[in-house]
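Engineer: Turn these sequences into a full structure, and let the hints guide you.
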Amino acid sequence: MTFHSFLIKYGEIGIKGKNRYMFEDALVRQIRYALQDVDGEFLVHKCHGRVYVDCEGEYDYEETIESLKKVFGIVGICPVVRKPVKELEELKKDVVAYVGEMYPEGSKTFKVEARRANKRYPVNSMEINCELGEAVLEAYPEMKVDVHNPDVRLNVEIREEVYLYSEIIPGPGGMPVGTNGSAMLLLSGGIDSPVAGYMIAKRGVEIEATYFHAPPYTSERAKEKVIDLARLVSAYAGPIKLHIVNFTDIQLAIYEKCPHDELTIIMRRYMMRIAEYFAKKDGCLGLITGESIGQVASQTMQSLAATNAVCTLPVYRPLIGFDKREIVEISEKIDTYETSIQPFEDCCTIFVAKHPVTKPNVERIEKSELNLSESIEELMKTAIETAEVITVGK
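Using the working numbering, read the sequence shown as starting at 233 and increasing by one per residue.
Treat the hints with care, since some could be wrong.
Heads up, simulated EDC-like pairs for lysine to aspartate or glutamate below, C-alpha to C-alpha not over 20 angstroms straight-line [unchecked claim]:
hint, residue 1, residue 2
1, K565, D555
2, K434, E609
3, K315, D286
4, K302, D269
5, K489, E610
6, K586, E438
7, K325, E290
8, K241, E290
9, K351, E370
10, K351, E392
11, K343, E374
12, K315, E298
13, K343, E359
14, K599, E488
15, K376, E345
16, K241, E399
17, K591, E606
18, K513, E393
19, K489, E393
20, K376, E337
21, K512, E438
22, K301, E366
23, K315, E290
24, K301, E564
25, K318, E399
26, K241, E294
27, K351, E288
28, K301, D269
29, K315, E399
30, K278, D257
Per label pair, the in silico range of CB-to-CB distance [stated by the list, open to error]:
hint, residue 1, residue 2, range
31, L275, T614, 44 to 52 angstroms
32, I297, E606, 56 to 64 angstroms
33, K248, I616, 33 to 41 angstroms
34, I552, P491, 25 to 33 angstroms
35, I573, P373, 48 to 56 angstroms
36, K376, E298, 32 to 40 angstroms
37, E598, Y253, 35 to 43 angstroms
38, H280, M533, 29 to 37 angstroms
Derived by calculation from the structure, the hints in this document are not laboratory data. Glycine is no exception: its CB is placed at the ideal position from the N, C-alpha and C atoms.
Structural biologist: Structure below.
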């Protein structure tokens, strides 16, 4: 079967009222972005409240579908066969041929759902339903009509051309990226943070990211791993501006001058400070982390409160109530899992206390940070000024 177009079905966008066109336009832009490296030429356009992807000439069907399945805002992808508008008897032949090619095994229940958008067509929708249903039954007597719960919903839309489709391939849902501002993701080489970025992007948020690198304690391969993860997330979220911060000197200062049971919490607090600096500079509206309550010592309720205390921007934690297994399942679905488990340590795992504090007191943490007062401002300034900034994605 050769499909000439794809009808794009969206969900929440349809209830946006007077602002709906803005979300549709954002969806069109994201579809164009997703298809820019796919073999073939595509015309993405809106028409009468619908979004279509028209395929010009030869194209890679499987690659096209896989790319569309990564566009947030799409809930369904319908491969469409387009035919010239013809008299009803000729239309019957086209529909019978379509059914035979799409469902050669027969023995399906079906329902015809006709829509006459072109009011100049001389037969109304109800008559088209009856005539086409009868033609299919005559051609394929093993098929049966079921108007309530059919196996196949045969859609026939009469517009400037006839659109035939019956398959709906699920999309990722959500909202088009760029419709809900931007946020800064604290991205590590682990399993959780790429999933957190994916989930916030799914709600229409544009993603930037900050990664904390600690050479020579972490290798260049660890850095490349994080860039690879950002690239995988960008397939859904669009291009990601990635800030790579050399965190070694700050980490060593914390290790030398602060209580060892508080290392992780204090380190996280300085990471949040630096990430928030970049976020504010670029107009981001919040920070994103992959934390889940109780997963490790730095993710208890008390630890999260101590981390939040240094932030003035909101901190979004989409995985906060997830079990590890649930997070892993999403990472497998978005193809980040195999990269995340590669054995290249990031800076979070180098200086780990044997007995980290699980219920840190903010006042005590702040008192411990006073030990850094002579050098920390200069160290942070240097880390910010020497950060490497790259854009990851298409």
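Engineer: Look at each hint and say if it fits the structure.
Structural biologist: Taking the hints in turn, this is what the structure says about them:
A hinted pair counts as satisfied when its Cα atoms are at most 20 angstroms apart, and K565 with D555 qualifies at roughly 16 angstroms. Restraint check for K434 and E609: not satisfied, since their Cα atoms lie roughly 36 angstroms apart, outside the 20 angstroms limit. Only pairs whose Cα atoms come within 20 angstroms are accepted, and K315 paired with D286 is accepted, the gap being roughly 13 angstroms. Straight-line distance between C-alpha atoms of K302 and D269 comes to about 14 angstroms, which keeps the hinted pair within the 20 angstroms bound.
A distance of roughly 16 angstroms separates the Cα atoms of K489 and E610; the hinted pair therefore holds under the 20 angstroms criterion. For the hint linking K586 to E438, the alpha-carbon distance of about 38 angstroms lies beyond 20 angstroms, and the restraint is violated. For the proposed pair K325 and E290, the alpha carbon gap of about 25 angstroms is over 20 angstroms, so the pair is violated. With a CA separation close to 23 angstroms, the supplied pair K241 and E290 exceeds the 20 angstroms bound.
Restraint check: the Cα-Cα separation between K351 and E370 comes to about 28 angstroms, which exceeds 20 angstroms; the hinted pair is violated. Distance restraint check for K351 and E392: the Cα-Cα separation of roughly 10 angstroms lies within the 20 angstroms cut-off, and the hinted pair is therefore satisfied. For the proposed pair K343 and E374, the alpha carbon gap of about 14 angstroms is at most 20 angstroms, so the pair holds. Distance check on the hinted pair: K315 and E298 sit about 25 angstroms apart at the alpha-carbon level, beyond 20 angstroms; violated.
For the given pair, K343 sits about 14 angstroms from E359 by alpha-carbon distance, which is consistent with the 20 angstroms threshold. This hinted pair checks out: K599 and E488 have alpha carbons roughly 15 angstroms apart, not beyond 20 angstroms. For the hint pairing K376 with E345, the CA-to-CA distance comes to about 15 angstroms; that is within 20 angstroms, so the pair holds. Proximity of K241 to E399 is assessed by CA-CA distance (about 12 angstroms); at most 20 angstroms being required, the pair is judged to hold.
Our distance criterion of 20 angstroms between C-alpha atoms is broken by K591 and E606, whose separation comes to about 27 angstroms. Among the hinted pairs, K513 with E393 is inconsistent with the structure: their alpha-carbon atoms are about 50 angstroms apart, more than 20 angstroms. Of the supplied pair hints, the one linking K489 and E393 is violated, its CA atoms being roughly 74 angstroms apart against a limit of 20 angstroms. Straight-line distance between C-alpha atoms of K376 and E337 comes to about 13 angstroms, which keeps the hinted pair within the 20 angstroms bound.
Between K512 and E438 the alpha-carbon distance is near 14 angstroms, which keeps this suggested pair within the 20 angstroms criterion. As the CA atoms of K301 and E366 are separated by approximately 35 angstroms, the hinted pair breaks the 20 angstroms bound. For the given pair, K315 sits about 17 angstroms from E290 by alpha-carbon distance, which is consistent with the 20 angstroms threshold. Restraint check: the Cα-Cα separation between K301 and E564 comes to about 15 angstroms, which is no more than 20 angstroms; the hinted pair holds.
For a cut-off of 20 angstroms, the pair hint linking K318 to E399 is broken: about 23 angstroms separates their Cα positions. For the proposed pair K241 and E294, the alpha carbon gap of about 18 angstroms is at most 20 angstroms, so the pair holds. Taking the CA atoms of K351 and E288, the gap is about 27 angstroms. The hint is violated against a cut of 20 angstroms. Under the criterion of a C-alpha separation no larger than 20 angstroms, the hint pairing K301 with D269 is consistent with the structure, at around 15 angstroms.
A C-alpha spacing of about 17 angstroms is found between K315 and E399, which places the hinted pair at or below 20 angstroms, so the restraint holds. Restraint check: the Cα-Cα separation between K278 and D257 comes to about 8 angstroms, which is no more than 20 angstroms; the hinted pair holds. Checked against the hint of 44 to 52 angstroms, the C-beta distance between L275 and T614 comes to roughly 50 angstroms, which is consistent with it. Taking the beta carbon of each, I297 and E606 are about 59 angstroms apart, inside 56 to 64 angstroms as hinted.
Our hint of 33 to 41 angstroms for K248 and I616 holds, since their Cβ atoms are close to 39 angstroms apart. Look at I552 against P491: about 27 angstroms separates their beta carbons, and that is inside 25 to 33 angstroms. The hinted window of 48 to 56 angstroms between I573 and P373 holds, with their beta carbons roughly 54 angstroms apart. For the pair K376 and E298, the supplied restraint of 32 to 40 angstroms holds, since their beta-carbon distance comes to about 34 angstroms.
The beta-carbon spacing between E598 and Y253, approximately 49 angstroms, falls outside the hinted interval of 35 to 43 angstroms. Remark: the range hint 29 to 37 angstroms for H280 to M533 is contradicted by a beta-carbon distance near 51 angstroms.
The structure fails hints 2, 6, 7, 8, 9, 12, 17, 18, 19, 22, 25, 27, 37 and 38 (numbered hints given earlier, in ascending order).
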